[in-house]
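Protein chains: 2
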Amino acid sequence: MFRKLLTFEEAKKIILERFRPKPLGIEEISLLEGGNRVLAQDITASKNIPPFDRSTVDGYAVRAQDTFGAEENRPIMLKAHGTVRAGETSKIVVRKKEAAEIVTGAPIPEGADAVVMIEQTERKATRVRMFSAVARHENIMKTGQDIGKGETVLKSGKLLGSREIGVLAALGIAKVKVYVIPRVAVFSTGAEVVEPGRSLPAGKIYDTNAYSLSAAVLESGGKPIFLGVFPDNFVKLQKALRHALASADVVVTSGGVSVGPRDVMPKALASLGKPGTIISGIAIKPGKPTTIGLIRDKPVFSLPGHPTSALLVFHLLVRPIIQAMGGRRAEEDFEVKAVTTTKMFSAKGRKTFVMVILKRDKQNRTVAEPVLAGNSGAITTLARADGYVEIPENVQFVDANDEVAVRLLGEKQ
Amino acid sequence: MFRKLLTFEEAKKIILERFRPKPLGIEEISLLEGGNRVLAQDITASKNIPPFDRSTVDGYAVRAQDTFGAEENRPIMLKAHGTVRAGETSKIVVRKKEAAEIVTGAPIPEGADAVVMIEQTERKATRVRMFSAVARHENIMKTGQDIGKGETVLKSGKLLGSREIGVLAALGIAKVKVYVIPRVAVFSTGAEVVEPGRSLPAGKIYDTNAYSLSAAVLESGGKPIFLGVFPDNFVKLQKALRHALASADVVVTSGGVSVGPRDVMPKALASLGKPGTIISGIAIKPGKPTTIGLIRDKPVFSLPGHPTSALLVFHLLVRPIIQAMGGRRAEEDFEVKAVTTTKMFSAKGRKTFVMVILKRDKQNRTVAEPVLAGNSGAITTLARADGYVEIPENVQFVDANDEVAVRLLGEKQ
Numbered sequence: 001m002f003r004k005l006l007t008f009e010e011a012k013k014i015i016l017e018r019f020r021p022k023p024l025g026i027e028e029i030s031l032l033e034g035g036n037r038v039l040a041q042d043i044t045a046s047k048n049i050p051p052f053d054r055s056t057v058d059g060y061a062v063r064a065q066d067t068f069g070a071e072e073n074r075p076i077m078l079k080a081h082g083t084v085r086a087g088e089t090s091k092i093v094v095r096k097k098e099a100a101e102i103v104t105g106a107p108i109p110e111g112a113d114a115v116v117m118i119e120q121t122e123r124k125a126t127r128v129r130m131f132s133a134v135a136r137h138e139n140i141m142k143t144g145q146d147i148g149k150g151e152t153v154l155k156s157g158k159l160l161g162s163r164e165i166g167v168l169a170a171l172g173i174a175k176v177k178v179y180v181i182p183r184v185a186v187f188s189t190g191a192e193v194v195e196p197g198r199s200l201p202a203g204k205i206y207d208t209n210a211y212s213l214s215a216a217v218l219e220s221g222g223k224p225i226f227l228g229v230f231p232d233n234f235v236k237l238q239k240a241l242r243h244a245l246a247s248a249d250v251v252v253t254s255g256g257v258s259v260g261p262r263d264v265m266p267k268a269l270a271s272l273g274k275p276g277t278i279i280s281g282i283a284i285k286p287g288k289p290t291t292i293g294l295i296r297d298k299p300v301f302s303l304p305g306h307p308t309s310a311l312l313v314f315h316l317l318v319r320p321i322i323q324a325m326g327g328r329r330a331e332e333d334f335e336v337k338a339v340t341t342t343k344m345f346s347a348k349g350r351k352t353f354v355m356v357i358l359k360r361d362k363q364n365r366t367v368a369e370p371v372l373a374g375n376s377g378a379i380t381t382l383a384r385a386d387g388y389v390e391i392p393e394n395v396q397f398v399d400a401n402d403e404v405a406v407r408l409l410g411e412k413q
Numbered sequence: 001m002f003r004k005l006l007t008f009e010e011a012k013k014i015i016l017e018r019f020r021p022k023p024l025g026i027e028e029i030s031l032l033e034g035g036n037r038v039l040a041q042d043i044t045a046s047k048n049i050p051p052f053d054r055s056t057v058d059g060y061a062v063r064a065q066d067t068f069g070a071e072e073n074r075p076i077m078l079k080a081h082g083t084v085r086a087g088e089t090s091k092i093v094v095r096k097k098e099a100a101e102i103v104t105g106a107p108i109p110e111g112a113d114a115v116v117m118i119e120q121t122e123r124k125a126t127r128v129r130m131f132s133a134v135a136r137h138e139n140i141m142k143t144g145q146d147i148g149k150g151e152t153v154l155k156s157g158k159l160l161g162s163r164e165i166g167v168l169a170a171l172g173i174a175k176v177k178v179y180v181i182p183r184v185a186v187f188s189t190g191a192e193v194v195e196p197g198r199s200l201p202a203g204k205i206y207d208t209n210a211y212s213l214s215a216a217v218l219e220s221g222g223k224p225i226f227l228g229v230f231p232d233n234f235v236k237l238q239k240a241l242r243h244a245l246a247s248a249d250v251v252v253t254s255g256g257v258s259v260g261p262r263d264v265m266p267k268a269l270a271s272l273g274k275p276g277t278i279i280s281g282i283a284i285k286p287g288k289p290t291t292i293g294l295i296r297d298k299p300v301f302s303l304p305g306h307p308t309s310a311l312l313v314f315h316l317l318v319r320p321i322i323q324a325m326g327g328r329r330a331e332e333d334f335e336v337k338a339v340t341t342t343k344m345f346s347a348k349g350r351k352t353f354v355m356v357i358l359k360r361d362k363q364n365r366t367v368a369e370p371v372l373a374g375n376s377g378a379i380t381t382l383a384r385a386d387g388y389v390e391i392p393e394n395v396q397f398v399d400a401n402d403e404v405a406v407r408l409l410g411e412k413q
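Chains as they are written, first to last, in this note's numbering: chain X, 1 to 413; chain C, 1 to 413.
Calculated directly from the structure, the hints in this document are not laboratory data.
Nothing here was measured: the structure is a model prediction, and the numbers come from that model.
Note that beta-carbon positions come from the ideal geometry of N, C-alpha and C, so glycine has one too.
Treat the hints loosely; a few may be bogus.
Restraint ranges, calculated between C-beta atoms of paired labels, are given here [as the list claims (entries may be wrong)]:
hint, chain 1, residue 1, chain 2, residue 2, range
1, X, 347, C, 10, 51 to 61 Å
2, X, 360, C, 360, 38 to 48 Å
3, X, 246, C, 275, 20 to 30 Å
4, C, 363, X, 360, 19 to 29 Å
5, C, 22, X, 9, 46 to 56 Å
6, C, 342, X, 155, 51 to 61 Å
7, C, 201, X, 297, 42 to 52 Å
8, X, 14, C, 125, 32 to 42 Å
9, C, 88, X, 9, 51 to 61 Å
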């Protein structure tokens, strides 16, 4: 009755070897739509940024040595000679003892090699007093000082945030190549599951997973295709899977994968194409009944029906696949060190994930407290957790007061 | 020539007192669109979850005491009595020495008080052998064990992620009240600024800020209204500001706020309505020329033109306002402790923000290295930084090897 389950690492290896996740394709979009997309090209600067020596302040462009010795009590007088505006090329040449008025961002005129800030000057008609000396190149940003021509500034696989978008704009790039977003079909199975918003007959519960997993797909950089709930009847499931496989790149289902008489998901999977089921159960807790199929070149993740298990296994196994298909670099969960408040046991022979809440104790240490203490909520466990502690297969327990690494599940509010 | 600037804390206080940011409104949306929205209602459970005692495994529902003493080598025989399906109410009553077949999620039949997992049973016709004893309530999730009726499970102001959406779905909630997304108009000013994608005449540079700030608005939970570039000419700026104020709840501009002859932004602001400019310069570095206006009830943030300054001041001052207007709870930047690699100086009398890169040194300590070492890039400084170190006004420098708190700017990839 007992069969040997794959370990977590074996399961991950099989997924990678059999499926080989890779980006689906590349599309060109406007930079304005670039937020949260993944760059699909290396970006090399085609010009120097700035393209010319610029003033970084409002003031007077001068020859630095003309200001040497100037002090608040002993100003040096220069001759005002023209005005350099931003956005224009100027014919002004600054000669000995001359100062050209200049604004932030304007090109440094010929002859000048520094700028005195306006706050350190006083102008009277054609005379300008300098109350401070400047060194050569002071208040000047040199050509290419920000980005040098030919420099590779961003690499393919980079997630575009406000800062990266700023870099692209500065280079004059208005359209950018990004990876195509993977489409992920999501549905729940089970005769007992009813869609939220409807009335709830006796013996039924509302569907949690199609909603939480669709949101998790979005959080992983995928586009969810929400298909709702299907009864776990062979013909209907087969139809649902066929539709999901036709409209998406990945399929994620939940429920119907344990060993009961109604568990038709593995059979439906097997009926749809080669190689069919590639993983049937994993030695993890929670998440043991996880079943993974491969129908031609598309993976089907059949997660447990228990909402916390479904979302955790999604996080551990499905999210990295969606990210890889979206061209995103592998991303480790952010880790925080914490001290356990209590002994935490592992499930015999299974890698165990204990959901924990992070708190500060009286000595101001970060402590990890299991969410489960006193309550084994299916839905609320994960919602309350800040992260999880991983206990390896060969470790029986983590003792109270042990230091552990807590992997964070989301931003702590 | 020198005037007393507001401190950073004074400036923040003035913004809060004069503007008083508050949520703009509430709208009801489908739960499927709830990802990354902010809940605008407390959610109290209108029913118990689960609504009935459920089996958490596939197996046989029994009276626990009938199994006492059962072991792998000494099974106890019970009489199979009916099947309980998920999603149905069952009329089965489990009596002494009886066992009803049951699947995960099905309601526990009358009389039974525990479930034996199918792996620990063996069925022959109407007889079932139990190879393991179970305790009362074992493998049963009791009514309301996950969420009790009347329990407040989520509070207004909560950012909805996959886990919160799962909780809402489980309660049968298909539509949810969320705060309206603040609209934020963004434009750049300056005669030297050209939109990316066009050719670059001599003396001009490409616009960075309208793009990076629009992406930053999105990252802060706002909806950017991208307006592009306007020359810093009084009439055109006034027109741009008027249009921005008519179409958005907040306006963010950059450039044109220092003290040069062309800085018409403060004048344009003053011309548009009361109270006009409420902050004119802040004692921070970078970001000193930051000007903030209030036109009737709408704030206008005029940020410096320098791309790193603009994005940092946005992060420090504008982002919290957008979040508050979107109903989001105040959120501290995530902090990491690190050791400085070098002495970092503050600007005299100004709160100074030093952009740093986090690294590991040979002793495996987390160290903070200023991005500026050797290069003062306007665009690349912030793009390269992992976070910033804050040096208070009254501190002259942070020494090398000091421990500092680094506030993170984004996910480290």
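Going back to the hint list, which numbers does this structure go against? Hint check: 2, 3, 6 and 9 fail, others pass.
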